[in-house]
Amino acid sequence: MKDKIAIKVDDLTVAYNFKPVLWDVDLSIPEGVLMAIVGPNGAGKSTLIKAMLDIVKPIAGTIEIFGKPYKKQYKEVAYVPQKGSVDWDFPTTALDVVLMGTYGSLGWIKRPGKTEKKEALEALEKVGMLEFRSRQISQLSGGQQQRVFLARALVQKASIYIMDEPFQGVDATTEKAIINILKELRKSGKTVVVVHHDLQTVPEYFDWVTFLNVKKIATGSVKDIFNDDNLTKTYGINYKVSLLQ
Amino acid sequence: MSVQEYFSLVLTDYTLRTITLGTAILGIVCGMLGSFAVLRKQSLLGDAISHAALPGIVIAFLITGAKTSNTLLIGALISGLIGTFWISGIIKKTHLKSDTALGLILSLFFGFGMLLLTFVQKMPDAQQAGLDKYLFGQAATLVESDVWLMAVVMGVSLVVLIIFWKEFKVLHFDPDYSKSLGLNTYVLDVLMTTLIVMAIVIGLQTVGVVLMSAMLLAPAAAARQWTNNLGIMVFLASLFGALSGIFGTAISATSNNLPTGPVIVLIAAAIVVISFLFSPGRGILFREIRHWKNRNDLQLHKTLYFMFEIAKTHNDISHPHKIKILNNFQGYTRNSLKNLEDRAYITVDGPMWSLTQKGYDKAMNLYNQQDNTHD
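Protein sequences, first through last, are from chains A and B. In terms of the working numbering, the first sequence opens at residue 3 and continues consecutively. In terms of the working numbering, the second sequence opens at residue 50 and continues consecutively.
Possibly wrong hints are sitting among the right ones.
What the hints assert, rightly or not - Estimated spans, in silico, between C-beta atoms of each pair:
| # | chain 1 | residue 1 | chain 2 | residue 2 | range |
| --- | --- | --- | --- | --- | --- |
| 1 | A | Ser-107 | B | Gly-330 | 55 to 63 angstroms |
| 2 | B | Leu-347 | A | Gly-144 | 53 to 61 angstroms |
| 3 | A | Arg-113 | B | Glu-337 | 35 to 43 angstroms |
Said to hold, decoys possible - Anything over 12 angstroms on all C-beta distances counts as not near chain B; from chain A, calculated:
| # | residue |
| --- | --- |
| 4 | Ala-62 |
| 5 | Thr-64 |
| 6 | Asp-166 |
Said to hold, decoys possible - Pairs of lysine-lysine, PhoX-like flavour, derived with a Cα cap of 25 angstroms:
| # | chain 1 | residue 1 | chain 2 | residue 2 |
| --- | --- | --- | --- | --- |
| 7 | A | Lys-59 | B | Lys-182 |
| 8 | A | Lys-73 | B | Lys-141 |
| 9 | A | Lys-6 | A | Lys-192 |
Hint data in this document are derived by calculation from the structure and do not stem from the laboratory. Ideal Cβ positions, reconstructed from N, Cα and C, are used throughout, including at glycine.
Given these sequences and hints, build the entire structure.
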């Protein structure tokens, strides 16, 4: 089942101001996995996914989405940025933000029409935000903002979903709602890549995991590689899976 | 001449009409594009660009010897663009933060411009007289061709905004995400910056290098206060810009010795102050009122909740209790009792109060909300 490669990263090196953030990273993400990228602060997790999305330009290395460069495949990929990366005081509503997910497939000049609006409302309903559709986005709670971002990615109807810390600063209800949607996505054959902070929930939420600390430490199924050895190699101190519970 | 006379003259007098039309169009262009500069947190960029335009004006004069505004404005455009590219270059290539880069380019170019200006003014022939009007602007020198140029810039800006409306919207809200959508954010950025530089350049003759950025920012900042919709914000900013231009020109034309540019900017600033104080959603006045009302509500809810705690010990929630027992509770006053009765949360009968079904439900819900946050 897991023979097709969704994202292939080869010899990726990224540096900001001469300091390497990612060093010679090789990574193959099979299609249909729900994968966590874990690692300490400054390990380059966000940079890795930004490089996959062609937002950050690498010094060396290539990235392929289903065998082709990102520029040719952007319709296959939906991105959920960290919710702290934007100014939520922007003059717009929840529905309008979700509609932005349709902008990539619409051409120049064309505005979202009835079909797009219907899809956006469906996505809002899916994340449980339908009643907040006309709400100014600064009036939403942190968890609600995160759900709006997820809905925006859902309307893109992509094959690959890449998310930057979607569980950061959200309430428990939102976390449950999001993870249920992610598991649903995987069930329908989508590939989901999540930068994740909470090691404790990795075995419960994900089936695939990548350990990253500037270099790639390990990647594989949670069952096989989520162990004391890799945790220690990534975080530098004597970590034990048993201590996480 | 009074302001009323002015407005009757505007339609007939050629010069007044030209100037008024010019300042109004300038206001519209600046409001339209300024909205995006404000949302992108690039307020200072306008200031840097306008100051950076000064050396271009003087150099254009030195090279061509011409004093026609179009030639000088091309010089302003070129040096404004150079300044802009240097700013983004400094930010990209060094560790300097953007405010430092802006300040650096602003003072460097403006200082150089002032140096050239002083040099030119000491030259023997009288040709150069009037170049210093670009410092604070002089609307009276606007002629029909200047207004046409402004109208063209307005038309181009409008068309570009209409074509790339959704692209600009997502770019200004979430630049990384718009890249992931496959949009060419570099081209969009260059396009928007070029439009802003053009808007600044056409305003130099009227408002001047020093105050030009206010024309860009003030209408947009005011418009943001009145709406949560980007389209309406851009429209309102254009309207406020136009009003500033028209009334600024009217006031300066009707009283001697009032310079047009600064008056226009002051009118725009007045609109900002009014908007910040009195806009219904975000204005300070209404926010304070809401704040005060919320605090009052909170007091009431606390009292109601205290009553609920007493009432729920009985099978009948409307079982009467003595008002006296409320004296132990801190938030309780005669007034709050009256308020609770007005809202039909309780009924008062002589020295006794009892909770109504409505009051019971309300208190119950308060409890639930508190409970949810701990979930």
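Now for the hints, and whether the structure bears them out:
1. A:Ser-107 x B:Gly-330: 55 to 63 angstroms: Violated, since A:Ser-107 and B:Gly-330 (Cβ atoms, about 33 angstroms apart) do not stay within the stated range.
2. B:Leu-347 x A:Gly-144: 53 to 61 angstroms: violated, 23 angstroms
3. A:Arg-113 x B:Glu-337: 35 to 43 angstroms: holds, 39 angstroms
4. Ala-62: holds, 20 angstroms
5. Thr-64: At roughly 18 angstroms from the nearest Cβ of chain B, A:Thr-64 sits farther out than 12 angstroms, so the non-interface label holds.
6. Asp-166: violated, 9 angstroms
7. A:Lys-59 x B:Lys-182: violated, 46 angstroms
8. A:Lys-73 x B:Lys-141: Satisfied, since the Cα-Cα distance of roughly 23 angstroms is no more than 25 angstroms.
9. A:Lys-6 x A:Lys-192: Given pair A:Lys-6, A:Lys-192 holds - Cα atoms ~12 angstroms apart, limit 25 angstroms.
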